[in-house]
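With chain D fixed as given, assemble chain P onto it according to the hints.
Number of protein chains: 2
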Amino acid sequence: MRSIAPSISLTTNLNLIFYRRKREGKMLEKKAIFVVVDGMGDRVVKDGKTTLQLAKKPILDELATEGCTGLMYTLGPGIIPGSDTAHLALFGYDPEIYYKGRGPFEALGVGFELREGDVAFRCNFATVDDKFRVIDRRAGRLKDEGPVLASSLQDLTIDGVKVIFISSTEHRGTLILRGNGLSPDISDTDPHSPQKIPPLESKPLKKTPEAEKTARIVNKFVKKSWEILHSHPLNKEREKQGKFPANVVLTRGAGIYTKVDSLKDRYGIKSCCIAGSALYKGVARYVGMDILKVEGATGRIDTNIEAKANAAIDALKKYDFVFVHIKGTDNASHDGNLEGKLFMIEKVNRLAEILKDKTENQDVVISVTADHSTPICIKRHSSDPVPVLLYAKDLRKDKVTSFDEVSVASGCLGCISGIGLNRIIMDLMGCSHMVGS
Amino acid sequence: MRSIAPSISLTTNLNLIFYRRKREGKMLEKKAIFVVVDGMGDRVVKDGKTTLQLAKKPILDELATEGCTGLMYTLGPGIIPGSDTAHLALFGYDPEIYYKGRGPFEALGVGFELREGDVAFRCNFATVDDKFRVIDRRAGRLKDEGPVLASSLQDLTIDGVKVIFISSTEHRGTLILRGNGLSPDISDTDPHSPQKIPPLESKPLKKTPEAEKTARIVNKFVKKSWEILHSHPLNKEREKQGKFPANVVLTRGAGIYTKVDSLKDRYGIKSCCIAGSALYKGVARYVGMDILKVEGATGRIDTNIEAKANAAIDALKKYDFVFVHIKGTDNASHDGNLEGKLFMIEKVNRLAEILKDKTENQDVVISVTADHSTPICIKRHSSDPVPVLLYAKDLRKDKVTSFDEVSVASGCLGCISGIGLNRIIMDLMGCSHMVGS
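Protein sequences, first through last, are from chains D and P. So for the first sequence, the working numbering puts the first residue at 1; every next one is plus one. So for the second sequence, the working numbering puts the first residue at 1001; every next one is plus one.
Next comes chain D alone, as it looks inside the complex (with noise of 0.2 Å):
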């Protein structure tokens, strides 16, 4: 059937929150640490076993020993979260209402300051050859050029819209359309082929005057990335060094941005994002976080991990919230790496430690768990559901000795959702409501 849970709006329960604040004038009961390991969850990859089961984490494991345990499909069984959907439904964000797309997140990840109707894309620079088709998606992965390329694409206006170009990592960057009337229905232009194909057109996925001004806009957009990049000086260092010139801007993944309750205003908490990668800062500015510079955190295999374990002991200073994502496990997945990806659990284990060490006379609940299963046999995300483990005083402690998606299976949390564990970390903290009386 179409829902399992009741429907319990949010938005029309906000009073409720803020009443029993005020009315029992109450302290948080416990700050939290959210650690997201992203694609952690396996199937069997050697020996029977999934890479957790394979992995050295003792301290992950005492942390599910001492505390309790679960299976978590993050979107429902059998759905395959994408990142950005994911993360929402961890931060407690149906993405059935609050995904619109992820160039948005990608734009807020960068830093830029997003306007209420802005339309935000993931963008690549990309190689076409004198026919104007494809060779290269990532233009041959640029390294620093990037800031400079965009430059040349600054105060840019197509039919009476703003255009900004932001260049963010290696051959990546954003493109943000500023107007009246754009819409974000519509197609890409990344024709995400290995075959040599020119840009596709973007088209209108609905058929609305926004729709069709807004892909016609990109389309000429496109074009006129080439016109300005194809004769950048740059580019012809880069031709005449044998490389790819990044001579043409593609954009996919349009999304429109709307502003929506942030934590603090739902739970009158104050939260912060410790990650590497642009998308996960994105979401968590979406819905209100702190982004916190820590040197070495790269959303790659070589993070630094104790910087980012001490940043998040750091960050409870400040704030109730601490979000901790780590990106590493799931770069290792879709390159089908093993050995990487045992070596960043065993990353994480360090963290855990820190983590466990450092809160060990606070009163702050400790999370682990990850956003989605990317197995190393299909190097693809999986709708398989992952381990979940919520250690701090007081908790029910289950028999689960290990922190694994076999033995969680009969942990005492159950079989949960992403928002649903979003809810029992915001009740662990005491900012959260009853509903009833």
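Just so you know, these hints were derived from the structure itself, not from any lab. Heads up, the beta-carbon is just placed ideally off N, CA and C, and yes, glycines get one too. Accuracy of the hints is not assured; some may be wrong.
Calculated cross-link-like contacts (lysine to any residue; reagent style SDA-like; alpha-carbon spacing at most 20 Å) [to be verified]: (1) P/Lys1356 <-> D/Ile228; (2) D/Lys49 <-> P/Lys1397; (3) P/Lys1399 <-> D/Gly48; (4) D/Lys131 <-> D/Ile228; (5) P/Lys1399 <-> D/Gly414; (6) D/Lys379 <-> D/Gly414; (7) P/Lys1196 <-> P/Ile1135.
Here are some, though not all, of the chain D residues that point toward chain P, as calculated from beta-carbon distances under 8 Å [unchecked claim]: (8) Arg43; (9) Asp47; (10) Leu75; (11) Glu306; (12) His381; (13) Ser383; (14) Ser410.
For chain P alone, kept in the frame of chain D given last:
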């Protein structure tokens, strides 16, 4: 929030699905054989054990040991599934949206080509006495007389609406009304009563001209059926032999047919059905499966299980998703027949043995489950959850070593719904899509 799982309109996501398949140019990751053992779930029936716990089923236990298991509430906790709604859910079609009454499934199940807007009914040949009171709802269960009697009910037109009647097995049949302005919102004429009362008058359940018209036509048809059948030579003959004459047709389960997106539309897969009973073939046809004819598949306890197993293996050459339905367990349960139910489960064990052996070198996921429980102690469908197993290369291996209602509760699939199971299998096959990016 509104719902745990985002409601994924498969219609709006169709582009994504095909997009992904096209872009990556990928083959399916696995094929699937989906075995539904009707009414297999039970409560305690002897020595503190359920029928599954009592049955000898070493291969099912082996599949559970080597694969992963879970507990399924097909339509949700506490909801008693009908056979039709349960199968809709198991095929991934939300009954809340796609269930339009049983009649169309019966008509599709006997091979009739329904058209959009047809209103179909389940029917019985029945016996009325000279005061027009129903004295046997099944006309003493016909043997082979159905088709001959049905032929006398052809070429009828009532109030401008075409009336089609088809005999199926024994006393059963299907009525189809074809014309403009019909409605399924009318009541049954079958009194479903052990008392001697006349056929009920069909009444509109909504105050619409369509419902009023349809009820009127049905009432005329029931009367007409008596006018034609009561003097039929074959009935005169039955009366001479002291048998109940099949002298009236009773209607129930009105439903309107609307074409839906098929499994092929949704997932690009070729699917087929191996079943003995009309209803299951009907639901399968509704979602676009081909119906395979298997000699000896009777839908009863005497079904030829080896023929069904071999047909399933054979079907893998041509099809991606093979649905195998086993009905005998449910019949035995409704009859309170423990021996019969045990016997059928042992037959299913043999089926599983053949499927396992003959798919050894293929990338096939074998799934065994039930549509609902039919506890022997109450002889009716119940909401008690049913066990699920998935067996395939690379799947997580949980600690469950017995395939029964109790053991699977700690399985690593957790607790899922029928639609959830369908989505999980579609993802395992590699034909599902990511939600978000």
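Going through the hints against the structure:
1. P/Lys1356 <-> D/Ile228: Between lysine 1356 of chain P and isoleucine 228 of chain D the Cα gap is close to 61 Å, so the pair fails against 20 Å, i.e. violated.
2. D/Lys49 <-> P/Lys1397: With Cα atoms ~8 Å apart, lysine 49 of chain D and lysine 1397 of chain P stay inside 20 Å; holds.
3. P/Lys1399 <-> D/Gly48: Given pair lysine 1399 of chain P, glycine 48 of chain D holds - Cα atoms ~12 Å apart, limit 20 Å.
4. D/Lys131 <-> D/Ile228: holds (17 Å)
5. P/Lys1399 <-> D/Gly414: holds (16 Å)
6. D/Lys379 <-> D/Gly414: violated (28 Å)
7. P/Lys1196 <-> P/Ile1135: Cα-Cα ~6 Å, so holds.
8. Arg43: holds (5 Å)
9. Asp47: violated (10 Å)
10. Leu75: holds (6 Å)
11. Glu306: Not OK, violated: glutamate 306 of chain D not within 8 Å of chain P, min 31 Å.
12. His381: Where the cut-off is 8 Å and the nearest Cβ of chain P is about 6 Å from histidine 381 of chain D, the hint holds.
13. Ser383: Hint holds; serine 383 of chain D Cβ to chain P Cβ min 4 Å, cut 8 Å.
14. Ser410: holds (4 Å)
Checked against the numbered hints given earlier, this structure breaks hints 1, 6, 9, 11; the rest are met.
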